[in-house]
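Using this note's numbering, the letters of the sequence shown map in sequence onto residues 83 to 442.
Watch out, some of these pointers could steer you wrong.
Derived pair list, reagent style BS3-like, types lysine-lysine, alpha-carbon separation capped at 25 Å [as the list claims (entries may be wrong)]:
hint : residue 1 : residue 2
1    : Lys346    : Lys377
2    : Lys163    : Lys214
3    : Lys419    : Lys409
4    : Lys419    : Lys440
5    : Lys155    : Lys99
6    : Lys440    : Lys252
7    : Lys346    : Lys440
8    : Lys272    : Lys328
9    : Lys419    : Lys252
10   : Lys145    : Lys163
11   : Lys394    : Lys335
12   : Lys159    : Lys179
13   : Lys170    : Lys155
14   : Lys272    : Lys155
15   : Lys377    : Lys335
16   : Lys440    : Lys360
17   : Lys252    : Lys222
18   : Lys346    : Lys360
19   : Lys409    : Lys95
20   : Lys95     : Lys394
21   : Lys252    : Lys214
22   : Lys394    : Lys99
23   : Lys394    : Lys106
24   : Lys328    : Lys106
25   : Lys100    : Lys394
26   : Lys272    : Lys100
27   : Lys145    : Lys106
28   : Lys145    : Lys99
Label-pair restraints from in silico Cβ distances [to be verified]:
hint : residue 1 : residue 2 : range
29   : Glu357    : Ser189    : 41 to 51 Å
30   : Lys163    : His225    : 16 to 26 Å
31   : Glu339    : Asn216    : 48 to 58 Å
These aren't lab readings, by the way, just hints derived from the structure by calculation. These numbers come from a predicted model, not from an experiment. Note that beta-carbon positions come from the ideal geometry of N, C-alpha and C, so glycine has one too.
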Amino acid sequence: MLLNISTASPPYKVLQKKVADELKVRMGGHLAIGRMIDSVSNNSGIDCRYFVISDGEENATAKFFTDKDGFLKPDTKSRMKAYESWSKLLTGEAVEKLLNSNNIDPSTIARLITISCTGFYAPGFDYYLINKFNIPADVKRTHIGFMGCAAALIGFNTAMEAISTLGENKNILMVSAEICSIHFQTEPTKDNILANLLFADGAAAVMFSNEQGRSGLQLIDTASFLFNGSAEFMGWEIGNFGFEMKLSQELPKIILEQAMPRLKLLLKRFGINREDIKYWALHPGGRAILDSMQKGLELSDEEMIASRTVLKNYGNMSSASILFVLKEIMDSNNILKGEYCCAVAFGPGLTMEVALLKGT
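Just need the whole structure built from these sequences, with the hints factored in.
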């Protein structure tokens with residue numbers, strides 16, 4: 083049973099237009115590059131995003147990519163230090179909200195699942211959360227790293243497998259943290275322009291429980307699918323100056339022509355049809371990605387509201403995004419008993435992860 087979701091965003095809210103204007107300067111000021119930046123920005127479906135870096139704030143005194151002498155290019159070590167401090171702060175905020183709003187005793191948490199693809203350090207934020215909230219020292223831990231935007235649904239699969247093995251009235255805490263803004267790249271490539279204008283920062287915490295009498299969403303089943311020959315479509319590498327993204331412009335076409343037909347087959351494996359699903363939580367990877375899913379699944383504009391709202395107000399927060407969408411659905415709707423919700427996200431590979439949930 084998925085009880086609830088809490089989220090946390092960094093303090094720096096930046097308008098998409100301001101980011102685009104800044105990129106034009108930092109990527110060399112060439113007219114052709116400027117036109118490409120404007121095109122991506124205007125068609126992104128994003129109004130604003132939240133960053134841990136303060137460079138977008140005009141009056142900020144301490145900036146990550148700028149000092150009094152001009153632009154900086156922090157090395158990967160510096161970026162990982164920023165990742166460490168912000169991942170702790172944001173996950174701590176999200177978990178505290180979740181525990182308080184659902185009256186959860188941390189001593190009942192028997193499994194902790196952590197998720198991130200934008201940084202590493204050890205011990206990680208799982209260690210930090212255990213100590214901060216007095217989670218039992220013998221809690222079983224799983225970390226899902228470097229699996230991209232679909233990682234939270236891989237976490238759902240882990241939670242579903244674990245929930246039946248726990249003792250009575252036990253809980254599973256799943257936490258995602260993504261700090262994408264620290265990997266800002268200034269080389270004027272298509273991949274960098276796309277990444278800089280899509281990705282953002284955020285964290286989310288989810289509580290699963292086997293306690294009787296709790297209301298929420300029942301996790302019915304999960305599925306995964308790896309598309310052959312897709313390694314070049316989405317991925318990233320660790321460079322000397324942060325993580326370097328790879329995003330193919332063919333992704334929307336691949337999702338429309340290959341992923342959506344496959345998704346319909348997976349739903350039949352679950353024993354349902356597309357028409358049986360009341361709510362759709364689709365990963366807001368960008369407007370073109372959502373357009374492809376809407377067209378491929380023949381969804382109405384109303385069925386796309388949650389995903390498009392998160393994209394508009396937060397951008398693409400990698401693995402945390404789908405949790406923001408699910409929270410939007412749960413907060414905005416009275417999900418009735420027996421109504422289905424389907425969550426879909428994509429990760430490097432190209433992989434597709436699917437989770438089917440039902441109101442209780």
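* **Hints the structure fails to honour** => 12
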